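Q: Each chain, letter by letter, is given below.
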Amino acid sequence: MRCCFQLCGVACFFRAPSPGKIIKERAAPTARAGYFAACVLRAAAVLLAVVPALHAEETVPVPLTEAVFLGEVPVVLSATRLSQPLSESPASITVIDRQMIEASGALDLPDVLRLVPGFQVGHTHSSLVAVTYHGASDAYSRRLQVLIDGRSVYNAAFGGVLWNDLPLALEDIERIEVIRGPNGAAYGANAFSAVVSIVTRHAADDQGTFAKLTAGDEQTRKGVLRYGGGSDDVSYRGTLSYRTDEGFDNLVDEKRISIATFRTDYRASNRDQLEFQLGYNGGARGDGVEGDLFDPARKVQASNHFEQIRWRRTLTADEDVNLQFYHNYFRTSDTTRIPVNAPLVTYIQDLLSERYDLEFQHTVRPRRDTRLVWGAEARLDRTSGEGWFGAPDLIDSRLYRLFANAEWRLAPDWLLNAGALYEYGDTDGGHVSPRIAINHHLARHHTLRASYSEAVRAPSLFEHRANTSVKLDSGFVLDRQYLGDTALSPERIGSYELGYLGEFPAHGLALDVKIYREEIRDVLTAAKDTTTVPFDPYYVFRNDGDTDTYGAELQVKFRPAPRTQFIYADAYARQRGRMLTDLTPPTYVDIAPSTPRHTRSLLVIHRFPEHLEASLTYHRIGNMAFFSGGDDTGVYDILNLRLAYRLRAGGLRGEIALVGQNLSGDYFDFDNKLLFHRRYLLNLSAELR
Amino acid sequence: MESRGLRGRLLVFLLAVLATVAPSRAATAAAVWIVLSQERGAYGEVADTVKSALAQKRGAPALEIMTLAEATTRAGEDRAGRKPDLIVTVGAQAARQIATLYPRAPLLHTLIPRLAFTELAHGQAAVRHRSAIFLDQPVDRQLDLVRVALPRHKRVAVVLGPSSRQQLGELRAAARERSLSLSVETISEEGELIGALNRLLDDSDVLLSVADPVVFSGATIHHLLLTTYRYKVPVVGLSRAYVEAGALIAVYSTPQQIGRQIAEVLGRMAANGWALPAPQYPKYFAVAVNERVAASLGIILDEEEAILHRLMAVGRGESADSL
Chain A
1 MRCCFQLCGV ACFFRAPSPG KIIKERAAPT ARAGYFAACV LRAAAVLLAV VPALHAEETV
61 PVPLTEAVFL GEVPVVLSAT RLSQPLSESP ASITVIDRQM IEASGALDLP DVLRLVPGFQ
121 VGHTHSSLVA VTYHGASDAY SRRLQVLIDG RSVYNAAFGG VLWNDLPLAL EDIERIEVIR
181 GPNGAAYGAN AFSAVVSIVT RHAADDQGTF AKLTAGDEQT RKGVLRYGGG SDDVSYRGTL
241 SYRTDEGFDN LVDEKRISIA TFRTDYRASN RDQLEFQLGY NGGARGDGVE GDLFDPARKV
301 QASNHFEQIR WRRTLTADED VNLQFYHNYF RTSDTTRIPV NAPLVTYIQD LLSERYDLEF
361 QHTVRPRRDT RLVWGAEARL DRTSGEGWFG APDLIDSRLY RLFANAEWRL APDWLLNAGA
421 LYEYGDTDGG HVSPRIAINH HLARHHTLRA SYSEAVRAPS LFEHRANTSV KLDSGFVLDR
481 QYLGDTALSP ERIGSYELGY LGEFPAHGLA LDVKIYREEI RDVLTAAKDT TTVPFDPYYV
541 FRNDGDTDTY GAELQVKFRP APRTQFIYAD AYARQRGRML TDLTPPTYVD IAPSTPRHTR
601 SLLVIHRFPE HLEASLTYHR IGNMAFFSGG DDTGVYDILN LRLAYRLRAG GLRGEIALVG
661 QNLSGDYFDF DNKLLFHRRY LLNLSAELR
Chain B
1 MESRGLRGRL LVFLLAVLAT VAPSRAATAA AVWIVLSQER GAYGEVADTV KSALAQKRGA
61 PALEIMTLAE ATTRAGEDRA GRKPDLIVTV GAQAARQIAT LYPRAPLLHT LIPRLAFTEL
121 AHGQAAVRHR SAIFLDQPVD RQLDLVRVAL PRHKRVAVVL GPSSRQQLGE LRAAARERSL
181 SLSVETISEE GELIGALNRL LDDSDVLLSV ADPVVFSGAT IHHLLLTTYR YKVPVVGLSR
241 AYVEAGALIA VYSTPQQIGR QIAEVLGRMA ANGWALPAPQ YPKYFAVAVN ERVAASLGII
301 LDEEEAILHR LMAVGRGESA DSL
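Protein sequence lines correspond, in order, to chains A and B. Start counting the first sequence at 1; every next residue gets the next number (full-length UniProt numbering). Start counting the second sequence at 1; every next residue gets the next number (full-length UniProt numbering).
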């Protein structure tokens, strides 16, 4: 039902949550710090405003007057808040709502994304999870753009997303919208194969106290505590979450994840909304191999946080302006001395990467049949990692974007979408990502869509500037591993799609079918250079490879009765292509085995009349092998069941749920030594409003 | 026979009296004051409509339009002066103050919610010389709107507040009559609204607005519309402004429509010896639809005009199902 607009997040047409604006480009570090401090102060002021408001409540009865009927009412569901109906969106979209997340019984976000047609997940480590659309991935989710409330969490330093490091509590998520297909016209570089847009709940929706405890096999423990409060104009919410587990057998990958998030929504006036968020994710993650000289078992310390402020002014029902600023901070501390007692080698894998991003967006309806969103964005990425880039310096990269997307209703049953985004980065130069789509309503509830969309994946800083080696503390280089290349250009994708959306309300059925052809060119690849005497071979990066994929995807939502839902996804893909793996002689690897022909998932939710809810999640994934060491997974199945018993007494809601995971037997999704076993989890939760 | 003669004489006598009195009576036609809570906005529009509607009418009463402030001053100054035959108050504030200032005058309260009128009437001893044209739509009409515009939406949710909770019985009966199921949450302060919505919306198809300042205010409307939208539950609003703000649909009466009804009532009263009619709901109304919200919720609605015509037909007693 949605797609684009703010509330629902994703914007396939318009950018989802509000975007931002032009950064003061030259802002020196101190000035930025000052700006940031100002943001924090402002938010604190908002918070302080809450406190007196809470006490000042008076209960003088308000007389009923004609004002209720005659008064002005501020526009609440303005254009950017309203989601576009799916039938009018220029791309295929999958929506995962809160109910589906809960019913899936998933502890981690990637497991939820298995419900999206054509998505695969692979674990190289309990803390390193790859999520990919149409396979063809290594251990990082390099070709997905991931946004949380409009804030990009794609890490430009290593190029990908670390799902376990996101300062995001699963319990805060309102919905996840996945645009299946490139969406550079709305989001720019790295909105490559798909965009995952996560929308968290408005603070006013989480009033009261919520607590949840989970315990289960493999030493899995999780606790969540949330409190929300506020008054008419200000609401706030704070969530604490702590999670620990032992990870895979025989692997040093136990993890401790502490998450704290805070959000406040402030209605400054009838037209102005302010939203402020901050979050933290930190803790120790096990890494390395017991007894390995260069990769010893150790604890890697993660410490990530973000701050985000957004202002929206609603001018009319069809026009509003958004301004957003955010700061992401990502840090891993991982320094190893070898041997520990008398170090000869200090192996530094610390990484710090920060992002400052300012974005402006204006939504307007210049004519009755036309809607337009345009905006601009400026970004600074600042990275340092001596072990990654060969020197401890701070590396800054700046990026500027200008975008416009328009929607024309050519006739009541014809809708044309066209848009483009131009971006200029000081490392990658400028490029344009266009998109065009036309939707035709064949009849009420039946829509055809044809679209073409392009996007790029910018080389990560690592691909550009990697310089990793093992050297003695004296400076003598023992071994080189990766060497970046500043001449790399972005990887490009073009995607042709034909889609059909059908609704059969009388049968509670909704269908979404798409057939597509995707062409990826200038594939970014790490190739082994064997001419590197006296060193062992090491890896360099090249743009050398291409992929053509075609396939079909089906998404079905079937609600035969109000209490029963089936959500089914089926994807078929054929891939052809190659990429360079060795420089001399040039050797290519076939890409086809990295993508499963079939990926299926089914979620069934049934609510029994009184207190019980049962749900079943089933996935079947065809043969695939991830790049960089993935084994052929064979065809594997995942079966999860969840049974929940709910109680309600006045304002208190309680739930006890038993989750059984991997009930169809052991499987692996990346490395054949990392097996998932059958496990059981027990959840207890209580909410007091 | 004799009595007929007596009657005949009486008639002649009356005619004679009338012959002497009528000219002067005609010269001083019945005086009607229209007292506005505020000079501008909807209040002024009501007065203007009444004035222009009666301008062409023969035998129309002499209208005197004044603000509440003027009426208050006048009540202080000339207690001995001529009393109006009728005072039409426009707005709840004028209704309350005029009722206090002119406790004995016949009053027609307009642009006033029904509950505000009932409260006012209960506070006063003599209510026979008070009547009203309400601003709100009858519950029947609102539920008819649901049935006509959203025939698939059978589960109606309502949040009532301290003022509106007395309408519960009426709502229940009206819903039952239309085979709609009704879920109700009653709140006593604004802070309880979100919780009430969360309890209601899971199992509801549409939220019906019932005027209550605790449920609908500038402060609550924001949360109300956002929360219902998150549940994908459309809202039947109270006015066009609510529809523009994000409600799906509303049936409402404009100040002009209320003005037109006042003019008609005055015309009938003039012909009827200034006997007050019973309190009544708006006779004329309009329908507003938010197409963007409908599209976003995946709801297909007819045009405003078409819905209005069907709603009027249902109001005339034609079956909704046959339309």
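Derived from the structure by calculation, the hints contain no laboratory data. Errors might be hidden in some of the hints.
[To be verified] No more than 27 Å apart at the CA atoms, straight line, and that leaves these computed lysine-lysine pairs for DSSO-like:
#1 Lys222/A to Lys212/A
#2 Lys51/B to Lys557/A
#3 Lys51/B to Lys83/B
#4 Lys232/B to Lys557/A
#5 Lys57/B to Lys232/B
#6 Lys673/A to Lys299/A
Predicted model only: the values in this text are computed from it and were never measured.
Q: Are the hints correct? Go through all of them and say.
A: Results for each hint:
1. Lys222/A to Lys212/A: holds, 8 Å
2. Lys51/B to Lys557/A: violated, 58 Å
3. Lys51/B to Lys83/B: holds, 20 Å
4. Lys232/B to Lys557/A: The given pair, whose Cα atoms are some 16 Å apart, holds under the 27 Å limit.
5. Lys57/B to Lys232/B: violated, 50 Å
6. Lys673/A to Lys299/A: holds, 21 Å
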